[in-house]
Structures are given as C-alpha cells and as structure tokens.
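Enquirer: Residue numbers (full-length UniProt numbering), protein chains in the order written: chain A, 1 to 341; chain B, 1 to 341; chain C, 1 to 341; chain D, 1 to 341.
Heads up, some of the hints might be wrong.
Copies of one chain are not kept apart here, so a pair can be met inside one copy or by any two copies together.
What the hints assert, rightly or not - Taking lysine to any residue and the SDA-like style, the derived pairs with C-alpha atoms no more than 20 Å apart in a straight line are:
{"hint": "1", "residue 1": "K269", "residue 2": "F281"}
{"hint": "2", "residue 1": "K42", "residue 2": "E316"}
{"hint": "3", "residue 1": "K42", "residue 2": "E155"}
{"hint": "4", "residue 1": "K74", "residue 2": "H220"}
{"hint": "5", "residue 1": "K313", "residue 2": "A122"}
{"hint": "6", "residue 1": "K157", "residue 2": "K258"}
{"hint": "7", "residue 1": "K277", "residue 2": "R322"}
{"hint": "8", "residue 1": "K271", "residue 2": "Y166"}
{"hint": "9", "residue 1": "K298", "residue 2": "Y108"}
{"hint": "10", "residue 1": "K22", "residue 2": "T330"}
{"hint": "11", "residue 1": "K74", "residue 2": "D284"}
{"hint": "12", "residue 1": "K258", "residue 2": "R322"}
{"hint": "13", "residue 1": "K43", "residue 2": "Y166"}
{"hint": "14", "residue 1": "K74", "residue 2": "D253"}
{"hint": "15", "residue 1": "K277", "residue 2": "A119"}
{"hint": "16", "residue 1": "K339", "residue 2": "D52"}
{"hint": "17", "residue 1": "K313", "residue 2": "H130"}
Think of the hints as simulated: they come from the structure by calculation, not from any bench.
4 protein chains.
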Amino acid sequence: MLSFENDYSEGCHPQVLEALVKTNMEPLPGYGNDYYSEEAKKKIRKVLHNDDTDIYFLTGGTQTNETIITSLLKPYEGVIAAETGHIAVHEAGAIENHGHKVLTIPSYEGKIKASDLEAYVATFYQDGNHEHMVFPGMVYISFSTEYGTIYSLEELKDIAKICKQYKMHFFIDGARLGYGLMAKENDVDITDLSALCDVFTIGGTKVGALCGEAVVFTHHNAPWHFIPIIKQHGALLAKGRLTGIQFNALFTDDLYFKISAHAITQANKLKKLLQDKGYQFYLDSPTNQQFVIVDNEKYASLLKNVRVSYMEKYDETHTVIRFCTSWATTDEQLLELEKLL
Amino acid sequence: MLSFENDYSEGCHPQVLEALVKTNMEPLPGYGNDYYSEEAKKKIRKVLHNDDTDIYFLTGGTQTNETIITSLLKPYEGVIAAETGHIAVHEAGAIENHGHKVLTIPSYEGKIKASDLEAYVATFYQDGNHEHMVFPGMVYISFSTEYGTIYSLEELKDIAKICKQYKMHFFIDGARLGYGLMAKENDVDITDLSALCDVFTIGGTKVGALCGEAVVFTHHNAPWHFIPIIKQHGALLAKGRLTGIQFNALFTDDLYFKISAHAITQANKLKKLLQDKGYQFYLDSPTNQQFVIVDNEKYASLLKNVRVSYMEKYDETHTVIRFCTSWATTDEQLLELEKLL
Amino acid sequence: MLSFENDYSEGCHPQVLEALVKTNMEPLPGYGNDYYSEEAKKKIRKVLHNDDTDIYFLTGGTQTNETIITSLLKPYEGVIAAETGHIAVHEAGAIENHGHKVLTIPSYEGKIKASDLEAYVATFYQDGNHEHMVFPGMVYISFSTEYGTIYSLEELKDIAKICKQYKMHFFIDGARLGYGLMAKENDVDITDLSALCDVFTIGGTKVGALCGEAVVFTHHNAPWHFIPIIKQHGALLAKGRLTGIQFNALFTDDLYFKISAHAITQANKLKKLLQDKGYQFYLDSPTNQQFVIVDNEKYASLLKNVRVSYMEKYDETHTVIRFCTSWATTDEQLLELEKLL
Amino acid sequence: MLSFENDYSEGCHPQVLEALVKTNMEPLPGYGNDYYSEEAKKKIRKVLHNDDTDIYFLTGGTQTNETIITSLLKPYEGVIAAETGHIAVHEAGAIENHGHKVLTIPSYEGKIKASDLEAYVATFYQDGNHEHMVFPGMVYISFSTEYGTIYSLEELKDIAKICKQYKMHFFIDGARLGYGLMAKENDVDITDLSALCDVFTIGGTKVGALCGEAVVFTHHNAPWHFIPIIKQHGALLAKGRLTGIQFNALFTDDLYFKISAHAITQANKLKKLLQDKGYQFYLDSPTNQQFVIVDNEKYASLLKNVRVSYMEKYDETHTVIRFCTSWATTDEQLLELEKLL
C-alpha cells in the first residue's frame, strides 16, 4: 500500500545499504572502535568545520535524547522544552523515568519563543523560594520541529544568548536535521550549529539510515566517561559498525544533504498537489511533513488506499492528518497519490 | 519577631509535646512497631469509621507524596495534578527524580475541575498513538489547596467518578487536611474520604506536630511490602515512636480537629482585620492561608516587623503575599499585627 | 587482521543480509508492527511449540537485560546472579541505574548452583529482619554463560523448582543461546525453555544478526503495557523492521541453529588446535568461547597477528585470554591461526 | 519489659528534650534556616576545629547515606563498602533505588582492609575493559561498624591515602560515631576526621536525639545546590528546628561526648556481666554493641524477659544475638539483666 505515513517506512538509502553489504564480512572491533565509525566522525567534523567536537553514534531518537539530557543535567535541574516537544509528549516519560523534569513553555507551531524562554527563567530566579523548584538546566528544541517548522538563524541566536546568560545547556534535537537544513526557507548552515548550541544530533533513522543518531558535543563537552554512561542506558551497540558504516556512507559525497534535499523537493510537489486539490493546511510547513485538515469521511476514504498519520482531532467532523515525504519518496508515488486525493 | 509566615513556624502543640515528654524514657520497639503507633492507627480508624485502612506514618510532605505516588504508579504512568500543585511546582522535582511525570491540567485558585480532568483523559485514550505517551495513572489534589481553597463534596465525587471510570488512583494530599475540614464553608466530612479516594494523608507537620504525615490507604490497598519501600525512600524512622506518639496525641479527644478549628477562627479574625484595613484579596480563601495584594513599599515596610510569605510578583509595583494562621496563632499576635497593617 | 576476539566482529550472516536487501524499499509500519516482525514471532513460536509466548525484539544485550529485569521486579526486589554474571559485572551498572540491586551468589565457571541459590533464599526468609533487605525477586542465568559453559537440563530444572517455590521470576539470558543449544554436551532443547523459565532471550547480535535480541515471555507474562516501557528505556526502534526482518531470516529453515552448529564445529577444531599446540585451558568450555592461559610474552606476540580477548591476569607472568568462534568462522581462518599459535 | 535490643529504644536525652520544650513556642524560619540550626553548626565546627565544613541536618541514617552517596557519585560510579556494610545489606536497596551500585569487598568483623581496597581498585584499573564496569567512585565505612568494631587512626589513614590516590570520595558513616570515639581502645579524635575523609555523619538518632544525622562535608565540598537535592530526596524537614535544636543541645557542654562515654561505661559493665556468666562472645567489640553466641533454648528463655536483637543463625543449635547499651542505659537495668542471664 502507498505510504506517506512517516519518514521511517523504508529501510535505508541504497548507498547506505551498499556500504553495509560491502563491509559485511570484515571483522571489526566492537563498541564503536572501528575504522568506519572513526571515518564517519572525521567526515562529520569536516562538514561542521569543527575539530573540537566529541561525536558518538547511538541507535534511536528517544534513547539519544534521554541519554544526552539526563547525563548533562545536574540532579536538581530540568530541561525546558516546547509543550509540544517530543521529549515532553511522545517519549513515554523517558526523561522522567531517568530522573528529570521536562519544564514546558508555549509552543508556536512546534517552536518556542526566546521571549517566553527569557520570561520563564527570569521569573524562576526572581522567585524567593526557587530552591524548592526544579532549576532550568537545559533548553531543548527540535530542528525541524515536530510540526515541520524551522527556526531562523536569528531565532536560534536569541535562544542561544539566553542559554549562555543563564548557564543552561542548549540542545538541538536533529532527528530531522537534514530536512530542516535543506528547506528553501532555511537560513541556518550546519556550520552555524557549533557556535549556537552545546550539543545537537544528526538524525539517521529518518534520513536514510536503518537506525542511528549522531550525537555531536560541540566543544569537547561530552560528559566524562560517556561510554559507560551510554552502556548504562542500554545504548551501546556491540556492533558499533552498524551505525559507523551507515554514517560514513551518509557523509560521503554529501549524501546526507542530497537525500534531504530530495525529500524537500518531493514535499514541495506534495504541497502543490494538496493545494491544487483544495486541501486546507493546518500550518505552513517548509519541510517534509505536511499537515492538513480533512473531514472525517474523506479521512476514512483516504485510509483505504494510502497510509497517513493521525495527528489530532480538529473538531467533531474534522481531523488533522500528516503526509510525510522522505529520501525515499518517488515521483511515481506522488502520481499515485494525486489520483487518490 | 511576629510571624504569620506559614503554619510550621512553632514546634508542636503543648499536648503533643507533653505526650513526647511523658513517654520519653519508655523503651519501645523501633520502626513503627510500638504501642503508640498502634494506638494512633486505631484512633484514626475510629475517626474514619473505616477498619479497612492501611496506615503508615512518614516524616514530611514531599517525602510522603513521592513515596505514595511512585510506589502506586506503574512505570509507564504519571500523575495528574493542577499546574499549581505542590508536587508539580514546589518539591524540587522529587516525583520525576523517582521516575514519574507530573501531568498538569489547569488550576483554578489551586483546584482542578472534573471537566478538565475528563477532557484530558478522554483525549489521551482517543489519541491513536498513546503508547508513546505517559499514561494517566493517578489524580493528585490537595485539600485544602496551596491557595487555601477547598473542594465541595460534590466536586470530589465528580473527580472520584472519573478516577474510577479510567482506573486511576485518587490521592488527596492532606498536608493541611485539618484546616480544610474545619473551614466554615466545608461540606466534606473526614468519614467521606474513604469512599472518595484510594489514599490520603493527614498532615501533622502543619497541624500541631513537630513532624509527621499519616498515610491512609482506604481499602487495604497499600503497596505490597510497603515497609521496605518506605525504607528504600529513606522515609522509615528508626524511632517510629516519634510520629506514633504525636499522632496518638493528635487523635486523642479530637485534638487534631480542635486545633484546626482554632486556626480557622483565627484566620477569620485575620481576614476581617485585613478587610477592615482595606487590603485587596488575591482570592477568597476559607482556610488558614490568606493571600493579599500589596504595593511593594507596603510590603517592604511590613517585613520590618512581621514575617509573611512572598508568593509572586503581581505587577511592577505590587506583590502577592500570604498571611498564615495555625493551631498556634494567638489573639495577642493578631492584636499586634493589627497595629502593623 | 585475523580475529578470534569475539563473536560480534563481522556484520550479519549472508542470508540475513539478503533479507534486509530484498525488503529494503518496502514501506512498512514502524515500531515493530510490520509483517516481518509478525512472521518472525510466528516462526519462533513454532520452534518453541508454544503459542502462549509474548515476543518482543530489542536491540542489544544490556538494554534487553535491564528492560526485562527492571520491568518485572517490584521496587523492593533485586535479581540474583552469579558473581561473574554479565549483569553483575559488565553492564556498567545498568540494573542499578534503573533502580535494582544485583544480588550475587558464587560462580562455578560462570554457573550458579541450585544448592547455593536455595541456601541464599532460605537464609533470607529465615532472617528476622528481612524487611530492611532487598528481596530476591528474580534469578538470572546466562546460557551459554560468560565462560562458555552450559547448564544440564537437570540443573535448570533444579533452579526452576526453587524459583517456583519462592515465587521468583526465572530469566535466562540467551545472548549466546544458539551456541549453548548446539554444543555436543548439551541436553537442553529449545522447547524445554518455556516450561523452565518465565522469560528468556534469543540472542541475535552474537548469532548472525547485525543487532537484535528476541525477548520471549513464556506464558503471556509480559509486563502490562510493555511497549511504553520499552520506549521509556530508549529501546523501541522506529524501524522495528530492522530486527523483525533479521529474526525472520534467522528462523527460516533453521538458519539460527545451523549457523550456531557451525560455530560449535569450528570451536571444536579450534580446541583441538590449541590442545595440539600444548595450550593450557583455563576451563573446559563446550561452546564457542575457549579460554587459555598464556605467558605474557606469548600473549604479546600473538597480538601482533591475531585479535583475541583479554580476560584477566592469571599471575605475574600469565594471562587468561579468550578465542571465540562464531557463525562466521571459516576453515581458512583456523588454518591461518594454526600457523600463529 | 527490659530492653537491650538496640540503641534507639528510648526517646531523647533529657537535656535534648528540655531544649525542645523550652523553644517550643518560638516562631522560627523553616527548612533549617533557624537560629538553633545555625548555632548547632557553629558548635560542631568548633569541636572539629574546622571552619571549612558544610553542615546539614537530615532525619535518618538510610536517608542520609543515600542522599550523600548518590549526590556525590557520578552516574557511572559506585560506592565500595564492606560486604556487611549497612548500605550493602540493611537499607532495602536504597542506594540502588537511587541509581548506584554498592561494590563489596571482604568484611573483617565489620571493617574493610586497606590492602583489599587497594587490590580491588588496582585490579579495576588494570582490567582492559573497565568502561563496561562500574567505576569505584567512593569508599564507605562505618565508625563504629555494624559489629561494634572501630578502626585505628593508622587504618583510617591507609584507607584515606588510597582514596586520594584513586580520586575516590571517602565517606564515614557515623551513625554511632560517639560510641566509636569514646571507646577506650580508640585513638581517633573527632578533629582527625576532617583531614581523613570528605564527608562524615554525626549520628543523633542512636546517640541522644529523637531523630537526626548531621552531615559534615569537610572542605566546602557539599554538592552544589544541596538543598534542592535534599528536598528531592524527601529529606528536607519543614521544621528544620527539630534537628537544629537537638544538635545544638547535643553539642552544648560536650553532651554528645559525655552521653557516648556513658554508654561505653555501661557496655563495659555489660561485657563483664556476660563474661562472668560464661557467655561466648562472637567477637570482641570495644563499643556499645556486644555480640554473643547462645544456644537456642537459652535465647528463647531470655526473650521472655529482655528484648535483645537476633543477628544470625550460628549453627543448628546456636544463635548470634546482640545486647546494646546506649546513652540511656542505667545501672538498674544492668542489675536486672544480671539476674536474667
């Protein structure tokens, strides 16, 4: 069945698969100490123009988020996120399960505003009794967000400034980093990230890999003995090669960026299709996730032929649904979809 | 200095102290297995008209809340509370530190509404993807609330009904239970609680004891092996007598209720004083906590002679402050205060 | 370089890789709700002759162990293991990090004795004060063990009996299950496991897969809402297909057992090589891990041409090292090794 | 009934009680910010000849141990203790419940040996693979120990030296500090502790207080924001006065040391009584806990008239039991006991 359900429906990009096939029988050291993991790190550092990074490869998004967040926070600290942030809503309480509170501030189509952030933190420190409250120790945002939106460079700088002022870590969840960076409206370059934030991830799972998220600490600020911490969180692959080989392939000849750009091209075609068919957009997303409001009958009829994601109830007779493109979306699939819309 | 800062400024009620003095040299078994702890439990059961309770004495409010909540919840569950709830704001993240998320819904002067609760839970279960979200496993309210307000019996029944329907534990934090029950406007009897909720606490720390909260599981529903769990949370006193003797005194001859009623009498006098002096009330509290809005100069001048609590900034030139009465508040103190207002 | 370092040096078995390649572009539902995951479960159930199993696929061993153990245990319980058990020594404290104590009993070449287990538990319950101690809630063993040894069916039955008697979960860590089952000396059939234990794992990472451990609850006894729990532990793959497809391949035409048997055949050849060269064995292992005591000069010289594992210092001049075979070990590699021994 | 069961059977020392009574109606700031808590800290600093201490008052032993240990350790670290250590055996897994492993080494009548400690740590760091193991981050001992024994100054210096060499925190659990310091055989002065260890406790619960342990960080090394951490562990008393007033009384006119010395005097009388009656000692304890081996019939007959503690089964017909003296033990009680022995 045709699927626009999400950006993790297929396996991996053919070039990534080829790399796995080609290296399959090479015996390699375990736990990420292999040649390909090292190569992948070198290539990422080169792309970032930053040799001061500590880079690790973990397996999935929730795992990566909770390992980063809970290992950087002090016991009395929490992490600030949009009330719609992935860590706040869709990780089954993984952050709390590992001991820390998610402190939420308003979400504007998935984004937070620097002014809200500043107000939150300023109020916290002005309060006479804050030793009984959870200290804001980190700011978490996603790029692109859960609603497909992106921050401008200016917006990121404003958030980064507040983080520095109040000594909070700034963490950018890049589960869909490629799709954010390749958006036409985007003015953030991947080389900007090191100066902006303390740690970010480069998502593989949704951008061409079978699994894998690269964790980038931007200024040799990985927690001390991060390997035992990763192990302790159940996040250390014996066959570290699995993520190393994939990221090495993704960062060879700009594959990561090319396939992200492809998803954006297909998303723009999809957007036009939806517009032409008169669909009402829930918000204006510049990336690979497109949200539309459909009446419930239309939704039911669509589901017979194409997989899409349920987002939320809009009103008694309408539903917000999501169409996703990805590195794997073909023109043929879009043509087929057109007939069904 | 005169203090209306809170309801835990003095030691304990003289009759409680006397009980401690009188029993001081008796050798008693440790960890709550003493005669007085047993007596106290019997008296509480009698007051509740409920022999099916499991009763334990812990030391402080945050400790009690986190031990109850985290031992009743399943790993995938969180606890619903008002966004102003003590566990949500003022326990330094103790619930999260022990692995669980506090799920917040709107607060109306410290209270939640059954309709909001129902909407929250109904939405949760209607959502297609709730296996990635934190399940609502418990509802937490405080009685009286952090803002001195109380729920009507009807309101409690409505909340209890939703809890039963969705199989959520219902927990009433009674850190200030006595002050809530003795309010003139209150229509809830302590014997109502067993039918309404699964577990509640009878606060000692703020109502006449040096320390101590009684935990009442209303239908033999204490977690299996609760003693090791209490121990594990660092909440098991070697000298369990300390809480046992105090609660035994508090539940002898209705002392707990009498001293709570005294605090309410004094609160009503205080309220009148404040009204007469033209103070603007932040909200209408029927219990021992009174909240007023003062301009910042007045606030500064008051602080020279009387301790009150800072609550929050009201606007650039005004502050919300709190005056508390307690079992210990005397007419002399009120007279002295009158001169300073 | 030649490697006998471990059983996770290569990628995956060619037939597993082929399955990944063949299915790569099929869009499939996420989080394990795909056709191949379902097929794999069916095949495993068939092999086990047990339709009452709950089966889940996780990614790695430590992750799997801590998720199973900490979700089955009550808060006041710990897990009994050999003092050499993987969870006791080599998981960086993952069990404790998730809240539970590992209670150790003596190890005999990696195995525990039923008599020690019984003595431990009997003593615990006879002790007057055990409410201040960690309750034994589970028994953990590995099959084959960290030292390559295996339990006889009789030994497993004895352990199982004690577990039933004292109401402890019995968990068998099968990270190397295939290698244990295919040992010549083994008298345990995979169909025996359901009657013996409450939960066991079928290791993929060390037996032909890129990653993946199948978790088998033997009598519909998976923790309620196990998916959110897995998610919370960072162990839920968005592309659940990755483990599903691999286990489906491994359980097609008995591949899992055939490749395990191959590793044993190669291990026996290796054993003979080592014996012929006069190596001193540290213990007699019937499976794919072979432990020998070498003098430190020999060790240093070996390391120039072949990767082996350091186990422990034997004495001032000798070291215990490990040679592993696996599904991937070829006759050519053994011939090459022969020249270096 | 006569009780030699433990050192926490009575309430508190009369002078401590008097202090509570005298201050009872003074309104004081909460959470330890009161005059008496400050006075108590000053007096303790004076006794220690150390103004660089950070001092906090917590309520009970397990709570204090887990709060100190888990707030000082890094996530990948565990705490080394004797296999008989309180934290290893009798705290219901509180350390593990808060995320950390207790690493045990042999116990010699409750004490650890510096040579065992050094061997343990040296082996750990020599092991090639220690990134998958729990790092030794702290050494925990008790003084006096759970078996009433004490360390010599030399022994403590040896342990301290290893701690410094391997950068491990050194924590001395002083639940029975007074009884250890006042033993005739003791050559450690309380002023020695600051130079020896990083943190120690001064037990109140077993030495004259109703509850309370003073935590002394010896060189301004309390964890940053320790108050929120204490709060988060449920260990912050609203009425901090309760512990402050008691410790102020205990450290006025050397009361703490005088009453500890009294317990030792009584213990020596008790010891002589037991010797005279031909009791077999389990070990030679110089402090307030005395362990003897009795046949089971004798044990049963004793229990009819005097409470003592069961320690462990000695053999089929004998049991190890404990007699305790304390600050409260009178000559009359010893006379009465003599008749029953």
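Enquirer: Could you work out which earlier hints the structure fails to respect and list their numbers in ascending sequence?
Expert: 2, 3, 6, 8, 9, 11, 12, 13, 14, 15, 16
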